[in-house]
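Visitor: Residue 212, in the numbering used here, is where the sequence shown stops; the numbers in between run on with no holes.
Be aware that one or more of the hints could be misleading.
Cut-off 30 Å, straight-line C-alpha distance, at most; resulting in silico cross-link-like pairs (BS3-like, lysine-lysine) [stated by the list, open to error]:
id, residue 1, residue 2
1, Lys177, Lys165
2, Lys188, Lys87
3, Lys188, Lys47
4, Lys208, Lys177
5, Lys188, Lys177
6, Lys177, Lys47
7, Lys177, Lys87
8, Lys208, Lys77
9, Lys47, Lys77
10, Lys188, Lys203
11, Lys87, Lys165
12, Lys208, Lys188
The hints are simulated quantities; they were obtained by calculation from the structure and are not laboratory data.
None of these values were measured; they are calculated from a predicted model.
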Amino acid sequence: MKKLLFLGLTIVGIALLYWSARPHASVVMHSILPTEAAAKALLNSTHRHREWVSVANVRAFIVYPERSDKAPVVVLSAGKQGASDWIRAVADRAAAEGFIAVVPDVLSGLGPRGGDGNDFANPADVAAALARMGRDEIARRTNAVRDYAIMLPAADGKSASIEFSAADVKAAVSGRSANFKVADGGWAQAVSFLIKQTGDKPLLG
Numbered sequence: 008m009k010k011l012l013f014l015g016l017t018i019v020g021i022a023l024l025y026w027s028a029r030p031h032a033s034v035v036m037h038s039i040l041p042t043e044a045a046a047k048a049l050l051n052s053t054h055r056h057r058e059w060v061s062v063a064n065v066r067a068f069i070v071y072p073e074r075s076d077k078a079p080v081v082v083l084s085a086g087k088q089g090a091s092d093w094i095r096a097v098a099d100r101a102a103a104e105g106f107i108a109v110v111p112d113v114l115s116g117l118g119p120r121g122g123d124g125n126d127f128a129n130p131a132d133v134a135a136a137l138a139r140m141g142r143d144e145i146a147r148r149t150n151a152v153r154d155y156a157i158m159l160p161a162a163d164g165k166s167a168s169i170e171f172s173a174a175d176v177k178a179a180v181s182g183r184s185a186n187f188k189v190a191d192g193g194w195a196q197a198v199s200f201l202i203k204q205t206g207d208k209p210l211l212g
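The whole structure should be built from the sequences, with the hints applied where relevant.
Guide: Dropping the structure here:
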């Protein structure tokens with residue numbers, strides 16, 4: 008009986024050692040949606056590579072994930088905020104999840120004195136400018152930036168979208184979309200939806 012017990016424990020021990028030593032195909036990552044108050048501090052402290060680019064006269068903010076393989080692109084927008092500090096901080100969180108995160112400043116060149124989205128005096132002026140622009144022009148500018156991003160050397164050719172409204176977050180990829188409540192953990196659910204739909208399994212490095 009003791010020999011059987013010893014043999015059983017030995018087998019279990021070997022199995023546990025094998026499981027802990029074997030390489031895992033993917034790493035589950037988690038991030039927290041930033042508050043508006045913490046957005047600027049996050050942007051100033053993040054170690055991820057980010058840059059501003061100009062695509063067909065539209066400025067875009069891009070944050071790159073820390074991974075050794077190619078990544079899907081996610082284009083982010085936030086209702087009537089334009090390319091605010093907050094949505095750019097959210098882009099950093101999306102990059103933490105393994106995506107190349109892109110925020111188009113669709114108001115590029117339309118701000119006061121030919122400025123950009125961050126040159127408007129207040130959020131109400133941003134909202135009014137977006138309303139004047141109209142959905143079709145917003146989509147045209149956004150799609151121009153998306154087309155640029157999916158051709159980046161670090162991109163895998165797949166793209167997705169995350170769009171915030173007052174209380175919801177909408178995630179979309181390849182014609183499939185889902186809406187989640189921000190207050191009910193919608194950010195994490197939206198990211199999980201995109202990871203599943205893109206089949207993404209980041210290789211860190």
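Visitor: Evaluate each hint against the coordinates.
Guide: Hint check:
no.: 1; hint: Lys177 / Lys165; in the structure: holds (18 Å)
no.: 2; hint: Lys188 / Lys87; in the structure: holds (18 Å)
no.: 3; hint: Lys188 / Lys47; in the structure: holds (24 Å)
no.: 4; hint: Lys208 / Lys177; in the structure: holds (22 Å)
no.: 5; hint: Lys188 / Lys177; in the structure: holds (9 Å)
no.: 6; hint: Lys177 / Lys47; in the structure: holds (24 Å)
no.: 7; hint: Lys177 / Lys87; in the structure: holds (15 Å)
no.: 8; hint: Lys208 / Lys77; in the structure: holds (10 Å)
no.: 9; hint: Lys47 / Lys77; in the structure: holds (28 Å)
no.: 10; hint: Lys188 / Lys203; in the structure: holds (19 Å)
no.: 11; hint: Lys87 / Lys165; in the structure: holds (26 Å)
no.: 12; hint: Lys208 / Lys188; in the structure: holds (25 Å)
No hint from the list above goes unmet by this structure.
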